[in-house]
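Each protein sequence line maps, in turn, to chains H and W.
In terms of my numbering, the first sequence opens at residue 1 and continues consecutively.
In terms of my numbering, the second sequence opens at residue 1 and continues consecutively.
Keep in mind that the hints are not guaranteed to be accurate.
Chain copies aren't distinguished; within one or between two, either way the pair holds.
As the list claims (entries may be wrong) - Calculated pairs, SDA-like style, for lysine to any residue (alpha carbon to alpha carbon, straight line, at most 25 Å):
1) Lys357 - Ser144
2) Lys377 - Asp336
3) Lys304 - Ala103
4) Lys275 - Glu97
These are calculated hints, taken from the structure and not from any lab test.
Number of protein chains: 2
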Amino acid sequence: MSRRVTRRRLLGTAAGAAAGGAFAGGLVVGKEASPDDTPLVERVVPFYGPVQAGIATPAQDRLHFAAFDVTTDRLSDVRDLMRAWTGAAARMTSGLEAGPHAASELAPPVDTGEATGLPAANLTVTFGFGPSLFARDRFGFEASRPAELRELPGLPGDELDPDRSGGDICVQACSDDPQVAFHAVRNLARIGRGSVVMRWSQLGFGRTSTTSRSQSTPRNLMGFKDGTKNIRAEDVELMRRHVWVDTPGWMRGGTYMVTRRIRMLIEVWDRASLKDQEDTIGRLKESGAPIGGRNEMDPVNAAKLPVDAHVRLAEPAANGGERILRRGYSFTDGMDADLGQLDAGLFFICFQRDPEKQFVAIQRRLGGMDALNEYIKHTGSAVFAVPPGVRRGGYVGEGLLTRA
Amino acid sequence: MSRRVTRRRLLGTAAGAAAGGAFAGGLVVGKEASPDDTPLVERVVPFYGPVQAGIATPAQDRLHFAAFDVTTDRLSDVRDLMRAWTGAAARMTSGLEAGPHAASELAPPVDTGEATGLPAANLTVTFGFGPSLFARDRFGFEASRPAELRELPGLPGDELDPDRSGGDICVQACSDDPQVAFHAVRNLARIGRGSVVMRWSQLGFGRTSTTSRSQSTPRNLMGFKDGTKNIRAEDVELMRRHVWVDTPGWMRGGTYMVTRRIRMLIEVWDRASLKDQEDTIGRLKESGAPIGGRNEMDPVNAAKLPVDAHVRLAEPAANGGERILRRGYSFTDGMDADLGQLDAGLFFICFQRDPEKQFVAIQRRLGGMDALNEYIKHTGSAVFAVPPGVRRGGYVGEGLLTRA
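All chains, full assembly: derive it from the sequences and hints.
Pasting the structure below:
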């Protein structure tokens with residue numbers, strides 16, 4: 001059977017799933033939308049649906065993430081912004097330009113043009129709201145702030161750069177084509193001019209080489225397979241338990257996103273012996289098998305691992321059963337001028353129902369004991385409430401913005 | 001007829017071309033090696049040959065460029081470095097790890113591992129030597145310095161950052177997979193530790209979406225098609241006339257590379273009207289046709305263009321017939337903190353027989369008059385002598401390094 005999915009079939013499936021009313025609907029569609037052998041031109045992830053795309057959607061190859069600060073103090077401007085951003089995102093994710101052509105060549109083009117003629121390549125655009133947007137005396141959102149949304153506490157090993165942290169609104173653009181992801185962020189920034197300024201941005205690359213069958217789990221820049229034990233988006237029950245908010249209110253169908261820019265000290269790492277590296281992670285480098293196991297998917301046997309091995313400490317069993325949905329991208333931002341070393345690592349994104357109980361609890365444990373700490377430092381951090389998806393005619397964040 | 005090329009067939013063709021003795025041999029092979037519909041796993045560009053790969057090779061999708069300063073003062077260390085780099089580059093470009101596995105797990109791994117299991121994806125690694133390597137009292141190369149290799153003069157519009165300019169030795173790694181390109185630069189940096197330190201590096205992305213038939217000429221971040229009039233690598237006569245060095249000496253079969261980091265002031269650009277943008281470039285944005293023409297490939301009719309239009313000033317006819325082989329990549333390096341704007345643009349690489357007569361002459365003309373100057377600034381600059389290719393058993397730069 002052909003795994004090709006036409007745009008019409010995709011939209012049909014999405015509508016069906018939405019009618020079914022379950023959050024899980026969008027996920028399955030996302031998964032089916034991007035088999036490795038689908039030609040890029042046909043890879044379109046539906047924008048509309050009960051949940052935002054880009055969460056359960058299987059990770060595309062490239063990331064362009066941007067955090068913005070809101071500069072207007074008028075609520076109506078924020079509503080207009082989210083309406084305009086929603087419309088542009090819906091167009092761009094379906095492979096169109098950001099807006100219809102301007103009537104006159106004497107006006108600036110409505111789209112910047114660098115993605116003209118390129119397919120969407122699974123582009124998703126995901127929006128989130130930071131705690132600072134809910135601050136007192138801003139837009140009247142104080143009473144709407146969910147208890148789960150607050151600034152992350154200081155965590156062991158933090159070396160955070162304020163210029164790479166925080167933000168009022170985030171945009172996560174993922175695509176299999178870096179030019180398409182860049183184009184999305186750039187055009188949203190342009191549309192937002194006057195209401196928002198970009199605070200920081202981050203590029204990332206992830207799983208690569210769609211014809212490589214041998215690397216189903218991608219390797220991070222430490223050379224280890226990363227994500228073996230991640231929640232699988234098609235596991236509806238785990239997604240429901242750990243990721244999607246189901247309490248009544250404007251966040252129902254949403255989730256909370258944590259981002260951490262994790263710099264790897266790769267020169268130090270590269271000098272460590274293979275045994276030290278494997279003891280640090282708790283897995284064998286080549287196969288990805290846990291120490292004491294033979295295959296990548298073998299269960300982790302804590303008794304066989306050093307007490308400070310990363311996978312031992314990160315195991316759900318060691319964390320009261322808490323899990324998170326990870327969506328990590330490798331990054332390299334050129335040189336660190338101070339150290340004369342490559343500035344590279346993992347831009348870690350995770351989704352969960354409650355950051356304090358999930359990411360923070362796990363990171364407290366890891367940050368205190370993890371053998372990996374010798375080789376990494378967290379240089380950026382942010383948290384966002386990711387509202388539910390939208391129906392045609394609606395806009396992202398409508399539940400919050402019409403309430404205040 | 002299938003356009004698939006097996007590794008064995010490739011090597012056979014390369015050997016045949018080398019035996020033919022023409023520099024052009026490597027080019028045609030490079031071209032044939034990467035049709036868009038060849039599975040990634042089969043895309044291997046031969047490393048050995050009369051000229052280095054990565055010059056006439058059709059541009060791969062991703063760039064990782066690094067410039068190194070030599071920290072040793074022993075000539076034998078530089079020879080050892082180029083021997084080791086050549087060996088590792090030959091392995092990695094054929095899809096292997098940087099070196100054979102270490103005998104003991106108590107030693108650091110010989111390869112950092114993040115590309116294990118990934119195909120080469122057309123990886124090329126191209127080396128060049130900067131003028132500073134030939135300075136008096138360093139390695140005794142003064143007498144071997146070709147007259148064509150000297151620091152570029154100051155040019156109109158330069159706003160160069162010394163931390164993004166110059167360097168003793170450059171490594172240009174190009175691949176269709178960013179993780180593979182990163183892996184190459186990282187492992188070469190690791191191998192060079194003790195002899196070189198990285199001075200600067202630059203990531204780039206270029207043509208994308210291998211299934212997009214509608215965009216044969218890629219668009220730059222100004223949204224315009226870029227490279228319409230570039231020399232085509234299969235045009236042996238133009239390559240001979242403008243690119244390859246054929247005078248006797250260690251540079252025969254080599255070329256000179258100029259790199260310029262051209263920052264685009266995209267926020268300013270995005271506010272310009274479509275007409276202003278088209279008048280600035282001298283082409284129509286959507287079709288790429290020259291103003292006054294109908295199709296992208298139509299000849300530029302200078303009389304129809306504004307006198308300061310970019311393509312009018314860059315035309316060979318306006319520059320005494322001088323041409324260069326361009327290999328540009330778009331870049332985006334996150335935010336410019338001072339301006340609160342995206343730091344993005346074009347990392348411009350060009351190859352030529354004589355930088356002073358070709359790049360410098362053209363840039364003097366452009367820098368003085370080009371309407372585009374309002375929207376760009378050159379923030380990095382370097383020049384390198386790119387030695388000829390090597391045979392199996394040899395190493396890059398051997399002609400220079402065994403002579404001194």
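Against the structure, the hints come out as follows:
| no. | hint | result |
| --- | --- | --- |
| 1 | Lys357 - Ser144 | within (20 Å within a copy, 66 Å between copies) |
| 2 | Lys377 - Asp336 | both (14 Å within a copy, 23 Å between copies) |
| 3 | Lys304 - Ala103 | between (68 Å within a copy, 24 Å between copies) |
| 4 | Lys275 - Glu97 | between (51 Å within a copy, 19 Å between copies) |
When held up to the earlier numbered hints, the structure conflicts with none and fits them all.
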